[in-house]
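Engineer: Fit chain V to the given chain H structure using the hints.
2 protein chains.
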Amino acid sequence: MNEVSGAEAGTLAEAGLSKIDALCANTIRFLALDMVQKAKSGHPGTPMGAAEAAYVLWDRFLKHNPRNPLWADRDRFVLSAGHASALQYSLLHLTGYDLSMDDLKQFRQWGSRTPGHPEYGLTPGVNATTGPLGQGFANGVGMAVAERLLAETFNRPGYDLFDHRVFEIVSDGDLEEGVSSEAASLAGTWELGKLVYIYDSNHIQIEGDTDVVFREDVAQRFRSYGWRVYGPVDGSKIQDIDEALRAAVSRSDKPSLIISKSTIGRFSPLAGTAKVHGEPMSPEEAKQSKISAGWPADKEFYVPDEVYAHMREAVERGRRAEESWNSLLEDYTLKYPEQAERLRLQLNGKLPRGWDSQLANLFSPQSSPIATRDASGKVINAISKSIGWLVGGSADLAPSTKTIIEGVGDFPYDEGGRNFHFGVREHAMGSIANGIALHGGLIPYTATFLTFSDYMRPPMRLAALMGVRVVYVFTHDSIGLGEDGPTHQPVEHLMSIRAVPNMTLIRPADAFEVAQAWKSALENDHGPTALVLTRQKVPVFDREKLGSQPAVDKGAYILWEPQSGKPDLIVIGTGSEVQLALEAAKKLASEGVRVRVVSMPSWELFDRQPAEYRESVLPRDVRARVVVEAGARKGWERYVGLDGEVVGLDRYGASAPGQVAMEKLGFTVEAVVSACRRALERRGM
Amino acid sequence: MNEVSGAEAGTLAEAGLSKIDALCANTIRFLALDMVQKAKSGHPGTPMGAAEAAYVLWDRFLKHNPRNPLWADRDRFVLSAGHASALQYSLLHLTGYDLSMDDLKQFRQWGSRTPGHPEYGLTPGVNATTGPLGQGFANGVGMAVAERLLAETFNRPGYDLFDHRVFEIVSDGDLEEGVSSEAASLAGTWELGKLVYIYDSNHIQIEGDTDVVFREDVAQRFRSYGWRVYGPVDGSKIQDIDEALRAAVSRSDKPSLIISKSTIGRFSPLAGTAKVHGEPMSPEEAKQSKISAGWPADKEFYVPDEVYAHMREAVERGRRAEESWNSLLEDYTLKYPEQAERLRLQLNGKLPRGWDSQLANLFSPQSSPIATRDASGKVINAISKSIGWLVGGSADLAPSTKTIIEGVGDFPYDEGGRNFHFGVREHAMGSIANGIALHGGLIPYTATFLTFSDYMRPPMRLAALMGVRVVYVFTHDSIGLGEDGPTHQPVEHLMSIRAVPNMTLIRPADAFEVAQAWKSALENDHGPTALVLTRQKVPVFDREKLGSQPAVDKGAYILWEPQSGKPDLIVIGTGSEVQLALEAAKKLASEGVRVRVVSMPSWELFDRQPAEYRESVLPRDVRARVVVEAGARKGWERYVGLDGEVVGLDRYGASAPGQVAMEKLGFTVEAVVSACRRALERRGM
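The listed protein sequences derive, respectively, from chains H and V.
Counting in our numbering, the first sequence tops out at residue 685, every number present.
Counting in our numbering, the second sequence tops out at residue 685, every number present.
Bound-form chain H, shown alone (with noise of 0.2 Å):
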């Protein structure tokens, strides 16, 4: 290393360094530099500001176990600030995960898995996938969350199966978007004291300077949620990042948030500018950071043999501290063999064996009209008796929603509550839910009116993206709320999160059906899963009269059909207005023509059919088809065509009793049975 020693001493003796450390921040540095620059696209700034940080955070404090990026009671990292990813690999690379240097030089290319941004389940050791800002922040609490909860439930006294920490490195950008404030406020409400957060504070982002956009007192803003605030610290000296982060993992009272002051793009001619930001650099630019650094300028994707000695000494740490896990987990299991079973089930995501044995009596067929919010209420109940680790809550409107478990307390004042209040925060609470998901041991799900789901469309991407196990609850679901009036009344919202990239959305017509989406909702471990519910009195149908049997595992299924042969009308309808469709379809067999009633609670659920199934139930030559859907009619020619009629809406809806917005705006028995007239008609019949 004689290239580096000379140059070295002055960075040493500035940044307070030793030599190793000195090498080891470089080399992360230069290596994310190099990646960029190979890609000819990325962000070189915020990695090469960060470089010290992470390092020291990674070599020093993280617990983890690079040979097994799953280890239950791994410390989670999260790079909330997505964009510098490089900086991730990096590391990754360094400390001995399966990570290769040609995995690096792959940098955001097709199929590699170092892309652009994070991404989970893709790299090992990624615990979230970032870059829309503020995500990475809330998913952090959600995992504290898990942490404590499954610590209360299994821990024992000298078996402290879990306690670990979640540490973060989050950005400007992070702290400037709503949900890390509406994250922190309940982190800070929730005393989530292993959290530990590195906030990277470079005074710039991609428009210039923060001082033009950001000119809050960040620390006072964080004392004020209840968190304990360190620095602002020298993020370019170890020693001070030290510091702050053992002062930090000292106490678990309340969360940490550490400032650490940086230089964007460090030692880069453009340190300091949003030019280094979100670009690479010329190839001289990028020479002249390695000189300044006293880094070979002529070497790219260099690791000197020292580091790659040093920071892989934590896969034997991690080896290390899994084995002793592990025998106290064996330990554990000798003497509470009960917990420690249904732990392993936990963790492997799997339901109990008969765990929906209940749902089967949970209606009859004579039950009165219910509304399918009171359905699920009903089902929540039963099925967290035997899934104990179901957990959830509703963003201020658990009464309405009908989301509260009974008898279990809450989060965190109750020992094992697993109600949760997360306060009017629906985006905090969707991205909190992906953290707990994220976390593992634990299936969250979330509870708000429908039109609500607009406040948390961003975590409901991610955890689609990532095909994490989330239940959305989504009640008033229509105009037929009533008086809270168009604000209040979704429209467009069942369509939008059809739209959504392996999002399934179920929407029942009755309390069977209710019971049947919850079961496909918790056998779906691979993606959301929305639940759409009504407020009103829905009836609940009686199968042996209607000849069928609810199946929405199968996405739509015949209902009804008064007579044998092929139907010259198929109606379909959803969740509450399957009622209607049906009706109509009675009043016009009563007049002779043949027509079936589709009830149709999913469209994903539906497409994954196998073809025969999706012909019988909706065969290609039947062509006079209607549907009604109180909701947008954009859409639903995806299953009408071109020939087809939709009773749905294209504008808002009003305030006023729900029967009557109903009516006023078309969803009657007769409206359909003109639409049907219409079809046939089309149709020449």
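Hint data in this document are derived by calculation from the structure and do not stem from the laboratory.
Possibly wrong hints are sitting among the right ones.
Remember, identical chains collapse to one label, so a pair may be satisfied in a single copy or spanning two.
Taking lysine to aspartate or glutamate pairs in the DMTMM-like style, the calculated list, with each CA pair at most 20 Å apart, reads [unchecked claim]:
1) Lys378 / Asp98
2) Lys254 / Asp211
3) Lys40 / Asp98
4) Lys554 / Asp650
5) Lys378 / Glu406
6) Lys275 / Glu406
7) Lys537 / Glu279
8) Lys537 / Glu681
9) Lys554 / Glu583
10) Lys587 / Asp410
11) Lys38 / Glu300
12) Lys519 / Asp102
13) Lys261 / Glu322
14) Lys566 / Glu670
15) Lys287 / Glu663
16) Lys105 / Glu279
Structural biologist: Using the frame of chain H, we list chain V on its own:
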């Protein structure tokens, strides 16, 4: 008023009220209660708790003219806690707005002007539709921005044409929502001293005590943003509220938050509990509430004569205030005729004659390929010369979205600066834009990547619901953006935005279409428009060679057909995929297929065309139809039916160079040709 004078004495002493003040506050309180009771639906608690604060604000501070609710220099009052609508309706009625007692009695009924939540455009005196929490808070920031910009532009020494404040009542829920954090931080950074918000702190939300979810130190939090905080004061004491408001309006250098401690459902037996938040009381409880306040228990919708007499003084005060302003404007018109003319244009929401004259020659068919985001940047800079009141900016992506207006400086740092820097706060950006549009006098635009439209869905919906003109610039509109990967690559967003009623989405194919898209957006003064633009370069189509003219205003038009006679096949494209449609069509045409290419930048504009036009573009009996769009497939069946083909995406994108991502995910000429062959085959051709 013998009935009240007895019990009144105690109340008066306790609260430090003069008799008329107490009468007015109780009238507001019990009108609101009676509205909820009669409707059997609504939120009595906040109106009953905040009656005194609302009264003193409206009686002593608010500058308004009940007989002209649209007076340009009025103070803007926004009830961010929109669920307390009955409070606002009571105030509007009592101060002499065109809102009758019969209107109050129609609360929450079909067709009434007193809907469940305040609706802009429906009820005179309602300056913003509120209800979704946090929105009103951020709208007010936009209104204060507009006031400052208009003052900077038009005020002259001795002519303070614009000098008004924004008063709001905000609730716990408003402050929990992240959007209010974003907006408050901006208001502090921008030093919007005309903002005066009363925080009705009643310690109760739907799920119970706010302590469960909201333990932050609100005063400290707002001070960290740069606000001046007053209180906490006793919100039931007129004198305390009066003093706090007096202090707040005595300075205009920073925004003000008055913390007003109140008791939800004051005087009700349910006071101070969540039970009184969002539902009617029993008749007995309602009666008891009146008795506790010394109010006649047997009267409903009762307004003592002296209350009318006192509160309707607002009419005369308002008349005088506006008259004096009108004569100021007359003088101003004589002295500054040009400014005055421009002012009238702006306040009327009109565009100057010939504003679009520069658009025709901005691009030439010989232009080399240009990204539609770049074309949009040129258009913005051209039209902002003639429309000096086009104002906007980006959520920290200005260099990428190409939305900087050159040479006019930054708000609020440069005199008359029209470029806004919102920071990474898409949600507040959208809500502030709504506030600017609601204020009147300016046309706002916003900018971010299409994928981050998810962060601003709530204000986008409200813009559409209110019918206000906001232009959303959404760039990086597909997987074609490349390396940033799936978190940044929109898929479902086109469809999700199209589903919103009264939202117009335009995805132009080339620079010519971009110019027309902006024209459509600005001429659409009854709702928002989303302009969806590429990061990557796209060809500028030579219309002469293609034999067509762009017609974005029609939503879809025939771009090319090589032969006469009816087409066998129609290929539809949008945005960057129109080139694929065109190339595929040319290939098929060379093989003798009679094929038409349709460019379809906007569903909404197309759907508004007469049936004949739509039939001329997409003849009903041409069923071999193919669409290509780099977004979600679902929904396109609206135009291609059950027999067509959609070249689209059912999955997320991937990190790779843009062209590679496009090809790997199936957006190639060959893939479109194959889809065309399948569609033809299906029709037996």
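Engineer: At most 20 Å between C-alpha atoms: does Lys40 with Asp98 qualify within a copy, between copies, both, or neither?
Structural biologist: neither (24 Å within a copy, 63 Å between copies)
Engineer: For Lys378 vs Asp98, is the C-alpha pair at or below 20 Å within one copy, between two copies, both, or neither?
Structural biologist: For Lys378 and Asp98, neither the intra-copy (46 Å) nor the inter-copy (47 Å) Cα distance is at most 20 Å.
Engineer: For Lys38 and Glu300, with the copy left unspecified, which applies at a CA distance of at most 20 Å: within, between, both, or neither?
Structural biologist: within (9 Å within a copy, 76 Å between copies)
Engineer: I want to check one pair: Lys254 and Asp211. Are their C-alpha atoms no more than 20 Å apart within a copy, between two copies, both, or neither?
Structural biologist: between (29 Å within a copy, 16 Å between copies)
Engineer: If the cutoff is 20 Å on CA atoms, where do Lys519 and Asp102 land: within, between, both or neither? Let me know, please.
Structural biologist: For Lys519 and Asp102, neither the intra-copy (43 Å) nor the inter-copy (50 Å) Cα distance is at most 20 Å.
Engineer: Could you place Lys554 and Glu583 in one of the four classes (within, between, both, neither) given a Cα distance threshold of 20 Å?
Structural biologist: Close neither inside one copy (23 Å) nor across copies (40 Å); limit 20 Å.
Engineer: Is it within, between, both, or neither for Lys261 and Glu322, if the alpha carbons may be no more than 20 Å apart?
Structural biologist: neither (34 Å within a copy, 52 Å between copies)
Engineer: Which holds for Lys275 with Glu406 at a C-alpha limit of 20 Å: within a copy, between copies, both or neither?
Structural biologist: between (55 Å within a copy, 19 Å between copies)
Engineer: Could you figure out if Lys287 and Glu663 sit no more than 20 Å apart (CA to CA) within one copy, between two copies, both or neither?
Structural biologist: Neither: 71 Å inside a copy, 34 Å across copies.
Engineer: Between copies, within a copy, both or neither: which fits Lys105 and Glu279 at Cα up to 20 Å?
Structural biologist: within (17 Å within a copy, 61 Å between copies)
Engineer: Up to 20 Å between alpha-carbons, please classify Lys554 paired with Asp650: within, between, both or neither.
Structural biologist: Between copies only: 19 Å across, 28 Å inside.
Engineer: From the Cα coordinates, with 20 Å as the cut-off, is the pair Lys537 and Glu279 best called within, between, both, or neither?
Structural biologist: So Lys537 and Glu279 pass the 20 Å test across copies only (18 Å; inside, 56 Å).
Checked against the numbered hints given earlier, the structure breaks hints 1, 3, 8, 9, 10, 12, 13, 14, 15 and satisfies all the rest.
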